[in-house]
Amino acid sequence: MNIKINGKIYEAKAGEAIFAVCKKNGIKVPTLCSTKKFQEGVCRICVVEIGGRLVTSCNTKVCEGMEIVTESEKIEKARRINLELLWADHAGKCATCKKNQMCELQNLALEYKIENFHFIPRKGEITGAEELDLIKDNWSRVVVENENPCISRNSELCIECRRCINICPEKKFGFNYRGNSVVVGTPYEKVLDCSFCGKCVEACPTGALTDQNNYLKIVEDLDNLEKFSVAVLDLGIEEKILKAMGKISPEKDLNKLLINLGFEKIVKLGKENLKIEFVKNIKDEYSRTKKINQQDIVVFFISSRIYEKAKRDKNLDYILSEREVARLVRDKEKIKIGKIHPIK
Amino acid sequence: MKDIKIITEYWGKINPLKIEDYINVGGYTALEKFVSKMNPEKAIEEIQKSGLCGRGGAGFPMGDKLGMVAKQTGEKYFICNLEESEPGTYKDRLVVDNNPHLLLEGIIISALSIGAQKAYIYINGNYEKQKEILEIVILQAKEKKYWGENILGSKFSLEIEIFSGAGAYICGEETALINSIEGNRGEPKIRPPFPTSAGLFGCPTAVSNAETISNIPWIISNGGKKYSIIGSKNSPGTKLFLLNGAVAKPGCYEAPTGITVKKLIDDYAGGIKRGKEFWFAQIGGACGKLLLEKELKAKMEFGKECECSLGSGSILVVDKSVNIHDLLISWTDFFRRESCGKCVPCREGTFRLWEIAKRFRDGEISDRDKEAIQDILWTLDNTTFCPLGKFAGTAFRDAVGKGIVKF
Numbered sequence: 004m005n006i007k008i009n010g011k012i013y014e015a016k017a018g019e020a021i022f023a024v025c026k027k028n029g030i031k032v033p034t035l036c037s038t039k040k041f042q043e044g045v046c047r048i049c050v051v052e053i054g055g056r057l058v059t060s061c062n063t064k065v066c067e068g069m070e071i072v073t074e075s076e077k078i079e080k081a082r083r084i085n086l087e088l089l090w091a092d093h094a095g096k097c098a099t100c101k102k103n104q105m106c107e108l109q110n111l112a113l114e115y116k117i118e119n120f121h122f123i124p125r126k127g128e129i130t131g132a133e134e135l136d137l138i139k140d141n142w143s144r145v146v147v148e149n150e151n152p153c154i155s156r157n158s159e160l161c162i163e164c165r166r167c168i169n170i171c172p173e174k175k176f177g178f179n180y181r182g183n184s185v186v187v188g189t190p191y192e193k194v195l196d197c198s199f200c201g202k203c204v205e206a207c208p209t210g211a212l213t214d215q216n217n218y219l220k221i222v223e224d225l226d227n228l229e230k231f232s233v234a235v236l237d238l239g240i241e242e243k244i245l246k247a248m249g250k251i252s253p254e255k256d257l258n259k260l261l262i263n264l265g266f267e268k269i270v271k272l273g274k275e276n277l278k279i280e281f282v283k284n285i286k287d288e289y290s291r292t293k294k295i296n297q298q299d300i301v302v303f304f305i306s307s308r309i310y311e312k313a314k315r316d317k318n319l320d321y322i323l324s325e326r327e328v329a330r331l332v333r334d335k336e337k338i339k340i341g342k343i344h345p346i347k
Numbered sequence: 016m017k018d019i020k021i022i023t024e025y026w027g028k029i030n031p032l033k034i035e036d037y038i039n040v041g042g043y044t045a046l047e048k049f050v051s052k053m054n055p056e057k058a059i060e061e062i063q064k065s066g067l068c069g070r071g072g073a074g075f076p077m078g079d080k081l082g083m084v085a086k087q088t089g090e091k092y093f094i095c096n097l098e099e100s101e102p103g104t105y106k107d108r109l110v111v112d113n114n115p116h117l118l119l120e121g122i123i124i125s126a127l128s129i130g131a132q133k134a135y136i137y138i139n140g141n142y143e144k145q146k147e148i149l150e151i152v153i154l155q156a157k158e159k160k161y162w163g164e165n166i167l168g169s170k171f172s173l174e175i176e177i178f179s180g181a182g183a184y185i186c187g188e189e190t191a192l193i194n195s196i197e198g199n200r201g202e203p204k205i206r207p208p209f210p211t212s213a214g215l216f217g218c219p220t221a222v223s224n225a226e227t228i229s230n231i232p233w234i235i236s237n238g239g240k241k242y243s244i245i246g247s248k249n250s251p252g253t254k255l256f257l258l259n260g261a262v263a264k265p266g267c268y269e270a271p272t273g274i275t276v277k278k279l280i281d282d283y284a285g286g287i288k289r290g291k292e293f294w295f296a297q298i299g300g301a302c303g304k305l306l307l308e309k310e311l312k313a314k315m316e317f318g319k320e321c322e323c324s325l326g327s328g329s330i331l332v333v334d335k336s337v338n339i340h341d342l343l344i345s346w347t348d349f350f351r352r353e354s355c356g357k358c359v360p361c362r363e364g365t366f367r368l369w370e371i372a373k374r375f376r377d378g379e380i381s382d383r384d385k386e387a388i389q390d391i392l393w394t395l396d397n398t399t400f401c402p403l404g405k406f407a408g409t410a411f412r413d414a415v416g417k418g419i420v421k422f
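First to last, the sequence lines map onto chains A and B.
Here the working numbering = 1-based position in the first sequence + 3.
Here the working numbering = 1-based position in the second sequence + 15.
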């Protein structure tokens, strides 16, 4: 069937959503919640106009002769207001956020030039004591969990897009409470206990779900010239790293990037030695062949299998996901162009 | 016309817990007529002829809804929506309190007419007494073979189950109600597919308000044509109106549709309470429009062309002694609390609106807040997922637009 988008005619299949057709034809429609597999239509950012009425493009199916407008004053207004409403509920301390420059919410806010926290009362505007209590109450449901070994959760940064709820194969997440108190959490708010496949971390548009690590220690070890850092690359991780990095660095050669980060040796895993035991033997082997003290070798396993984080021991110091490598590169870039000076 | 009573006719005259009382005044004759002399197609035709439309607020034609489900094959369900948590609305509760068998008879006829194997009564979790009444009544009717296997010796069979919700406002919305029965979180689903094609457990389902269903026995007994001449042309029949606030005799009154608000207040509720001065009236609960004195001639009916949709039928009369700021907070607080939290504009917008309403009570609000009010009301109206968000700002918008509150 034929549909009209912004005055141009496009081919579409029956049962396809407007968003999918736009994406296929390179028409940009922003979204914060829909993924390839799940379209909940909860963020209300992907709205488009059909006959003057706003509809969400991600879950509205096309029909013959539909006339769609993807950019107009009305659409821009709706997107802006909804983005500002999200910002107002987001603990926006971007500079310290793990996902800084890699955050979908931040990117959209930049794109739509969100300048102020229009819906949040300023100091002096809060009039009643009740309201202060309310703010406390509002934050009392915040879940910050670092107890599990692999995934770090912080619901302050959550925008309730439900991607993690939908994508989780074990259905570990869900909405707790209702209305404005809604929090994405585990049943009975227990510590997250799953197989840690990492799909939710990959799907999270903000910094609400991130990889658990000791970032300062990692940077320290990498920068320490007395330590011999070995990066073990998992199969197929290169593309993932470059994808996670996006526009952060113009450098596309992964070896150069990793050496820049402070890795001394890069080992690639092949199809024949995918087992974690192979990685754990590296220390022994290097201490024998290169005559380096075992304590001075630091082994980094770079893999999206974040459940291996639970299996760290003296033979394997760190497991880094592609997102963490991107974060390391991001911080290195900042130092390189002299924006932020490391504290001596 | 004032004396036509369909639902309230035997209120207070019969013992609601005695099935014999109801049978003595002609109860269950409609069901007998349906079983012996009619077939489902004929019954739906009568209901379509009557022009009966949904009394929950949306006003969707009941006959069309039943017809859509009846057309489909396979497993089907009928759900009686007794969620009713609109502030100031208690008509369905009164129906159960005063004549529960009338409701039950309506449920049985409607469910059989669409060919449903099972009917659910989705009752508000706070209606504990009403749930007990229904449990008693259902047992009584089963003993008399009004439902169960082979109803009254015919080939019809039906199962009835009471399902108690947890008292969430959003569960009055049909897709959220279906989610709740299925055991999911009570939040609306995307439409289409509409429940009439894929509802409860993926089967075609008709969800109807309890008051709508209570009209069915009368229509079956007296014919659809007779019903269609009562009240307004577009949405015929009678309606339970609830008059609350500054009226002399607040309460529930049955009146034909198309009646003006003025007439309801003056003729039924005895006018404004002595010593009070009329300010405005809110039609249809917390999500309803506000009418000023000059607009009281508005006719109370459903439909796209009507001046003021009557919603759930509750009319709150507000006099000038009321502090409008308290009312604003009460409206916004209600929607902040009852929003399910699924979509952004409703979850965040209702909350911010409530914050601003509170600041407004305590004094002047800033220009930024005034702008924020406009923005939130706009996004609620245009971008929310389900009707709850759309209606959450109605009263606030009218209060600002009609000059009831001044910045």
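Don't read these hints as lab results, they were simulated from the structure.
Check each hint, because a few of them may be wrong.
Estimated spans, in silico, between C-beta atoms of each pair [what the hints assert, rightly or not]: (1) F216(B) / V194(A): 31 to 37 Å; (2) K277(B) / P190(A): 50 to 56 Å; (3) P207(B) / N28(A): 51 to 57 Å; (4) D226(A) / D382(B): 46 to 52 Å.
Lysine-lysine pairs mimicking PhoX-like chemistry, simulated, CA-CA at most 25 Å apart [stated by the list, open to error]: (5) K405(B) / K77(A); (6) K319(B) / K417(B); (7) K175(A) / K417(B); (8) K174(A) / K204(B); (9) K39(A) / K405(B).
Just so you have them, the derived chain B footprint on chain A, three or more residues with Cβ under 8 Å [as the list claims (entries may be wrong)]: (10) 74 to 84; (11) 183 to 197; (12) 250 to 257.
These numbers were taken from a predicted model, which means no experiment stands behind them.
For every residue, glycine included, the Cβ atom is placed at its ideal position computed from N, Cα and C.
Here's how the hints hold up against the structure:
A hinted range of 31 to 37 Å holds for the C-beta pair F216(B) and V194(A), which are about 34 Å apart. At about 54 Å, the CB distance of K277(B) to P190(A) agrees with the hint of 50 to 56 Å. Separation of P207(B) from N28(A) is about 24 Å and departs from the stated range, judged on CB atoms against 51 to 57 Å. A C-beta distance of roughly 51 Å is found between D226(A) and D382(B), which places it inside the suggested range of 46 to 52 Å.
Among the hinted pairs, K405(B) with K77(A) is consistent with the structure: their alpha-carbon atoms are about 17 Å apart, no more than 25 Å. Between K319(B) and K417(B) the CA atoms are separated by roughly 22 Å; this keeps the pair inside 25 Å, and the hint holds. A distance of roughly 49 Å separates the Cα atoms of K175(A) and K417(B); the hinted pair therefore is violated under the 25 Å criterion. Of the pairs offered as hints, the one joining K174(A) and K204(B) holds, with about 19 Å between alpha carbons and a cut-off of 25 Å not exceeded.
A distance of roughly 28 Å separates the Cα atoms of K39(A) and K405(B); the hinted pair therefore is violated under the 25 Å criterion. For the segment 74 to 84 of chain A, the stated coverage by chain B is satisfied: 4 residues place a CB nearer than 8 Å to a CB of that chain, which reaches the threshold of 3. Judged by the Cβ-Cβ criterion of 8 Å, the segment 183 to 197 of chain A is covered by chain B as claimed, because 3 of its residues qualify and three suffice. Coverage of the segment 250 to 257 of chain A by chain B is violated. Counting CB-CB distances below 8 Å, 0 residues qualify, and the rule asks for three or more.
Checked against the numbered hints listed earlier, the structure breaks hints 3, 7, 9 and 12; every other hint is satisfied.
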